[in-house]
Structures are given as structure tokens and as C-alpha cells.
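Novice: Sequence:
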Amino acid sequence: MYGASRYIMDKVAYDRLFQYYCQEWMEKTASLAAGRSMESRILRAFNAMVLPEAYREERLSFFKARQAGIAGISLKKDTVMPYAGVQACMGESLATACFEQLDFPFDYSHESPFPPTGRVDEGVLTHSFNKVFTKAAGFLA
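Each residue of the sequence shown is one higher than the one before, starting from 3 at the first, in my numbering.
Since the hints were made in silico from the structure, they are not lab data. Quick reminder that beta carbons are idealized off the backbone N, C-alpha and C, glycines included. Treat the hints with care, since some could be wrong.
[To be verified] If you anchor each label on the Cβ, the simulated ranges turn out as follows:
id	residue 1	residue 2	range
1	117	66	30 to 38 angstroms
2	120	14	50 to 58 angstroms
3	21	71	28 to 36 angstroms
4	34	55	15 to 23 angstroms
5	107	7	36 to 44 angstroms
6	37	121	48 to 56 angstroms
7	42	107	42 to 50 angstroms
8	7	40	32 to 40 angstroms
9	102	29	34 to 42 angstroms
[Said to hold, decoys possible] For lysine to aspartate or glutamate, the following EDC-like pairs were computed, each having C-alpha atoms within a straight-line distance of at most 16 angstroms:
id	residue 1	residue 2
10	79	102
11	137	102
12	30	12
13	78	113
14	137	109
15	79	41
16	78	41
17	79	105
All chains, please: the whole structure from these sequences, using the hints.
Specialist: Here it is as C-alpha cells:
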């Protein structure tokens, strides 16, 4: 995830959080995460989601066991949560199995996947919206 976005946080804040969790936090919690207690297991689960290389096998095993309950859509032009991040988190084969990559024939972003009317042909916008939410509703049904 790349959370530097006008609607999420600025680059300075993102860089600081990234540095904290990827370096300082991991160093502080390394010995605590090594235990067998429930707290250690929870800490490992959290840390596994911070860095793709941290506890990789545990994370991939977790997602593999729950594959039937995971579905997602990744937008090609999304720079906040790019598909490459999904692949790094879940592994390439699970990402391919669980996620569909979409790209719309208009400019969009993570924050505004369906731009306000008037900027995009209404029919194209409606079709794109329906494609996303039909898939979501089908999964949740």
C-alpha cells in the first residue's frame, strides 16, 4: 500500500509511518513475536501484513486456507493499493485466483474510481460501476 494521497495523508506523514512500522516497530517487537502466546501470535499476524518478507509462509498459509472467502478487485491505475501490493501480500497464484484486475476507459484514482458525472460518458460510468458492484454483490450473496 502506498498511502500518500491528498485524501489519506501527505508524503511526509506516509514516509514517517512507513519508516516506523517497517524498521522501528519490527525491531521493537521481534523478540515479543517469537513466543507461543496468543499475544505473540497476534503480533506475528500484524507484522506479517506490514512487510511482505515478514512471516511470509505463515501469511501465505493463512490466505490459502481462507481462499474461498477472499475476493477482490484491483484497479489498474490505483497507486494507493496497486495489484503489485496484493501479489506481494498474498503471493502471485492466490492474488490471481482471488482478485480481478479492472481498468476503466476513463481517468480515475483510488479515491475517485467513478468521477463525478459530466466528466465521463454516463453510460460508460454506469457500466463500470455495475461491473464492480455486481461482482461484490455476487460474492457477498
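Novice: Is the Cα-Cα distance between residue 30 and residue 12 16 angstroms or less?
Specialist: violated (26 angstroms)
Novice: Next pair to validate is residue 79 with residue 105; report whether the Cα-Cα distance is within 16 angstroms.
Specialist: holds (7 angstroms)
Novice: Within 16 angstroms, alpha carbon to alpha carbon, are residue 79 and residue 41?
Specialist: violated (38 angstroms)
Novice: That 32 to 40 angstroms hint for residue 7 and residue 40 (C-beta), does it hold up?
Specialist: Holds, at about 35 angstroms.
Novice: For a C-alpha distance cap of 16 angstroms, please report whether residue 79 and residue 102 respect it.
Specialist: holds (13 angstroms)
Novice: Given a hint of 48 to 56 angstroms, does the C-beta separation of residue 37 and residue 121 actually sit inside it?
Specialist: At roughly 54 angstroms between Cβ atoms, residue 121 and residue 37 fall inside 48 to 56 angstroms, so the hint holds.
Novice: For the pair we were handed, residue 137 and residue 109, check the Cα-Cα distance against 16 angstroms.
Specialist: violated (21 angstroms)
Novice: Taking only the CA atoms, is the gap from residue 78 to residue 113 under or equal to 16 angstroms?
Specialist: holds (13 angstroms)
Novice: Given the hint of 28 to 36 angstroms, is the C-beta distance from residue 21 to residue 71 inside that range or not?
Specialist: holds (33 angstroms)
Novice: Between residue 42 and residue 107, does the C-beta distance stay in 42 to 50 angstroms?
Specialist: Given a distance of about 48 angstroms, which is inside 42 to 50 angstroms, the answer is holds.
Novice: Given the range 36 to 44 angstroms, decide if the beta-carbon distance of residue 107 to residue 7 lies inside it.
Specialist: violated (23 angstroms)
Novice: Please work out if residue 78 and residue 41 have their alpha carbons no farther apart than 16 angstroms.
Specialist: Violated, because 37 angstroms separates the two Cα atoms, which is more than 16 angstroms.
In this structure, the earlier hints numbered 2, 5, 12, 14, 15, 16 are contradicted, and the remaining ones agree with it.
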